[in-house]
Amino acid sequence: MNGLTEGQKRKALEVFENFSDSKLLTHLNSCVHCGLCAESCMYYQVYKDAHYVPAKKVDLVSSIYRRYNTLSGKLVPWLTGARDLDAKTLEEMIDLFYGSCTICGRCTMHCSIGVDIGYLVRTGRAILASMGFVPATLQSTVDAAINTGNNMAISEQDFIDTLKWLEEDLQFEVNDDKAEIPLNVPGKDIMYTLNPREPKFFPLSIAAMAKIFYAAGESWTLSTRMYDVTNYGYFSGNIQEATSIARRLYDEMDHLQARRCVLAECGHGTRAFRWEAPNYLGRSFPFDVITSVELLAEYIRQGRIKVDPAKIPEKVTLHDPCNLVRSGGVIEMQRYILRKCVSDFVEMTPHGTDNFCCGGGGGQLAMSEYNERRMKITGLKAEQIKNTGATIVCTPCHNCVDQLIQTNAAYKLGVKIMTLAEIVADALIINNETLKP
Amino acid sequence: MTEMAWYQWMALAALGFCLGTCLFHFFRLIKLGKPVDYSNPAGSIAQGVKYAFTGAMDPRRKESAWLHLPTYTAGLFYHSGTFLSILLFFFIVSGNVPQGWFAMVTSTILFISVFSGIFILVKRIFKKELRSLSNPDDYISNTLVTLFQLMTLLIILLPLLPSYSLTVLPSYRPIVLPSYYLIFTLLMLYLPLGKLRHVVYFFAARYHLGNFYGRRGVWPQRGIKAEDR
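If you read the protein sequences in the order shown, they are chains A and B. The first sequence maps to residues 1 to 437 in the numbering used here. The second sequence maps to residues 1 to 229 in the numbering used here.
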């Protein structure tokens, strides 16, 4: 840490020099240190340590801003707690911004002033990224996406092989030799994306979505060149890398000329491509970007697929992915789908925009340095799940699925973790007419 | 209006400095403008901003408020007391110290707000989490504002005491009035330097939050249609 060069420092401080709009300046100057945000953070709730109060994270970013950009910070830094960007500050920044925050945004929603704390944490990460201090594990995930086209570094051939056997399974399941998983077909209505965890660890969720597309008679395709919905550049804070990843998906949409880009169940992927990518790329997209959650709700509402809730008699609860719900506005559709597809749906307390993160957000799943902390804070989620009495936990996010599987094992919950597509596929009624059109 | 004393001129000059600096901050924000967002909106920014200043401030919907109701209530009174004190400054400086029912009402509010200010300050001193978050600016800001309210209260309250106007007034007036203006001056000069400038940034922060959540369809929260349940 002692090797912080003048060049690194200059790069870091550039963040505060050229404001593109009033947002950053506003949030840097708004916190009044009331500390009422403390309980909104799961790190604080679990550790009960002042270190984890979200306002600390705000103060860390704004104290550097004050030190180099305000009169009081330059003349009397002790007065407002303005801090030098030095090795000690750097160490604290890495721990707080990468190691103690899932950027779930719960604190933002409950801040008494309205400080966008998540945004400031991402600014803190951007500062660290500009100096080259992204944790190696997180950076390797970004590198994999940039170098291979997906964050799991799955080769195109392996991906195609996986899809081929999934296609055979689909044909067998729906008893139709013509059922297919279309690859790289231009001009379709939908280009569907995937979280690389699906082909790598959870191929059945691809099968579930393929079955639904089949039942809906959808015109769709997958790209074997660029299908990765995730964007860990968004988490690392390196906007150039986030832009490069987003551009590839955009280019593939352009290449395949699909009408709609449907994002697989992935909270941060949705946020990164639906909401951030147009700004990374500096243009409005000429195609629609929607989530698979919205698509599934559309299918059910329009009667394009039929579901039977009696097929899922177990008690089902829902975990709300932060980026999809709190930062994406997809709040009620997953509830609508579950009410149609399961017999006994029960909400967690709290839920919706007040829900707690699973613990794996903000890139935590990729940063093994902080595993112990991650598995401790997820205890809050385990408690929430336990209190519902549910035996199935549904979540429309593959990162959340991954985290919840670990939570399930660590806290011995004995529940089954499912994606929304898997629930819908299980509740799907495929009649003979559909099977043999 | 009688001729103004030097300390009154000093207070007005400090007020001018404070207003000028706050306007500088305000116009800087206006000049920088709102974020350009190329994503397709899923909701209404106008509705989101409206909600940010209304429904989202409702303590029933704001966890930080309902988990800390005494502090939240104290905060409300404290801020009301601050704005009231600033308003009363114009009455006092023009020689129209509130009297009668107006004095009773304002002094009651100020009494509660001064108490709230002390409560918030004591909490900051004794609560570990808050102490660890605080820097000198937090204590100075809290103290200055509370003192200003207290001095305003004294200016209004003392003439109401029967003994004050007859006997005590002549001896206390030379101390109370200049002290009031001195505290006000210090407050006005200090305000733009520290966290008190959130008087400008608070509104901008709520706007940006409303803009963000409104555009994404998070605020105001929409309920599911009955037929979809």
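Just so you know, the hints here were simulated from the structure itself, not pulled from any lab data. Possibly wrong hints are sitting among the right ones.
[What the hints assert, rightly or not] To give a feel for the contact side, a few chain B residues facing chain A, derived at Cβ under 7 Å:
| id | residue |
| --- | --- |
| 1 | LEU23 |
| 2 | PHE26 |
| 3 | LEU29 |
| 4 | ALA42 |
| 5 | ALA46 |
| 6 | LYS50 |
| 7 | VAL199 |
| 8 | ALA205 |
| 9 | ARG216 |
In this text, a Cβ means the ideal position worked out from N, Cα and C, and glycines have one as well.
Verification of the supplied hints:
Contact between LEU23(B) and chain A, as hinted, is not supported at the beta carbon level, the nearest pair being about 15 Å apart and thus beyond 7 Å. The interface hint given for PHE26(B) is broken, as the beta carbon of that residue sits about 10 Å from the closest beta carbon of chain A, more than 7 Å. Among the interface hints, the one on LEU29(B) holds; its C-beta lies about 4 Å from the nearest C-beta in chain A, closer than the 7 Å criterion. At a threshold of 7 Å, the smallest CB-CB gap from ALA42(B) to chain A is about 5 Å, leaving the interface hint in force.
Because the beta carbon of ALA46(B) sits about 15 Å from the nearest beta carbon in chain A, more than 7 Å, this interface hint is broken. The beta carbon of LYS50(B) is not positioned within 7 Å of any beta carbon in chain A (closest approach about 14 Å), and the interface hint is therefore violated. A hinted interface residue such as VAL199(B) counts as satisfied when its beta carbon comes closer than 7 Å to some beta carbon of chain A; here the least separation is about 10 Å, so the hint is violated. Look at ALA205(B): its Cβ gets to within about 4 Å of chain A, closer than 7 Å, so that hint holds up.
For the restraint placing ARG216(B) at the interface with chain A, the shortest Cβ-Cβ distance is roughly 4 Å, inside the 7 Å limit, so the hint holds.
In the structure shown, a violation is registered for the earlier hints numbered 1, 2, 5, 6 and 7, in ascending order.
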